[in-house]
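Participant: Below are the chains, spelled out letter by letter.
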Amino acid sequence: GENVEQHPSTLSVQEGDSAVIKCTYSDSASNYFPWYKQELGKGPQLIIDIRSNVGEKKDQRIAVTLNKTAKHFSLHITETQPEDSAVYFCAASLQEYGNKLVFGAGTILRVKS
Amino acid sequence: NAGVMQNPRHLVRRRGQEARLRCSPMKGHSHVYWYRQLPEEGLKFMVYLQKENIIDESGMPKERFSAEFPKEGPSILRIQQVVRGDSAAYFCASSPNNGYTFGSGTRLTVV
Chain Y
1 GENVEQHPST LSVQEGDSAV IKCTYSDSAS NYFPWYKQEL GKGPQLIIDI
51 RSNVGEKKDQ RIAVTLNKTA KHFSLHITET QPEDSAVYFC AASLQEYGNK
101 LVFGAGTILR VKS
Chain U
1 NAGVMQNPRH LVRRRGQEAR LRCSPMKGHS HVYWYRQLPE EGLKFMVYLQ
51 KENIIDESGM PKERFSAEFP KEGPSILRIQ QVVRGDSAAY FCASSPNNGY
101 TFGSGTRLTV V
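From first to last, the protein sequence lines stand for chains Y and U. Going by our numbering, the first sequence opens with residue 1, and the numbers climb by one from there. Going by our numbering, the second sequence opens with residue 1, and the numbers climb by one from there.
Just so you know, these hints were derived from the structure itself, not from any lab. From the three backbone atoms N, C-alpha and C, an ideal C-beta is built for every residue, glycine too. Treat the hints with care, as some may be off.
To spell it out: a stretch of chain Y is covered by chain U in this simulated footprint if at least three of its residues, at any positions, have a beta carbon under 8 Å from a beta carbon of chain U; those stretches are [as the list claims (entries may be wrong)]: (1) 12 to 24; (2) 78 to 86; (3) 100 to 112.
Pair by pair, the computed Cβ-Cβ distance ranges are [to be verified]: (4) Y:59 x U:5: 42 to 48 Å; (5) U:111 x Y:3: 44 to 50 Å; (6) U:44 x Y:112: 28 to 34 Å; (7) Y:55 x U:84: 44 to 50 Å; (8) Y:46 x U:62: 30 to 36 Å; (9) Y:46 x U:111: 29 to 35 Å; (10) Y:9 x U:58: 41 to 47 Å; (11) U:5 x Y:108: 23 to 29 Å; (12) U:81 x Y:112: 18 to 24 Å; (13) U:62 x Y:16: 24 to 30 Å; (14) Y:58 x U:5: 28 to 34 Å; (15) U:39 x Y:82: 23 to 29 Å.
Use the sequences and the hints to build the structure in full.
Facilitator: Right, here's the structure in full:
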């Protein structure tokens, strides 16, 4: 079955700097890769996703890149702000609905002001 | 347009009791997924249901855990004879389109 590895487990950056979180997956059949942000005591919130027919997607300060050949994808946050501090999870699935998500272990992002 | 609703938010049970967790999907969504999150860990898939059908239960423990999504009413995750190791946050997500939307979770504490 699918296995998703996520690095780093913790990341501290200065406000205004960029943050990069990387994930690798094992199942070449996976086609949908969402990223979730989880704040303390809350459920995961989808922040961006990418499908396998796209190499990069951007939404304001957040971007995701996908390399299907190497089976890895990354989250990029630019101009980080204190409110970006949270736990970020990557996930992989066969498609964007109708299949389970396999999650990475998470990255604790701390943005220092 | 309410999101995915889970209740209760917090649940305390003594060892050996039963826990019932409820999930109402977003309006128009007929697919429900349950995930478990142990402290300081990622989310692990448990079960995927459509109305009146279990589609994938590959992540469900073989004993004491069951799930249903009846024709009317919320999806229920039921844990019988709870043990301390069942203490976790249980999240429900729904779809069918535009990805998966998660609820705020039920935090189960077994004492």
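Participant: Identify every previously stated hint that the structure contradicts and give their numbers, smallest first.
Facilitator: 1, 2, 4, 5, 10, 12 and 13
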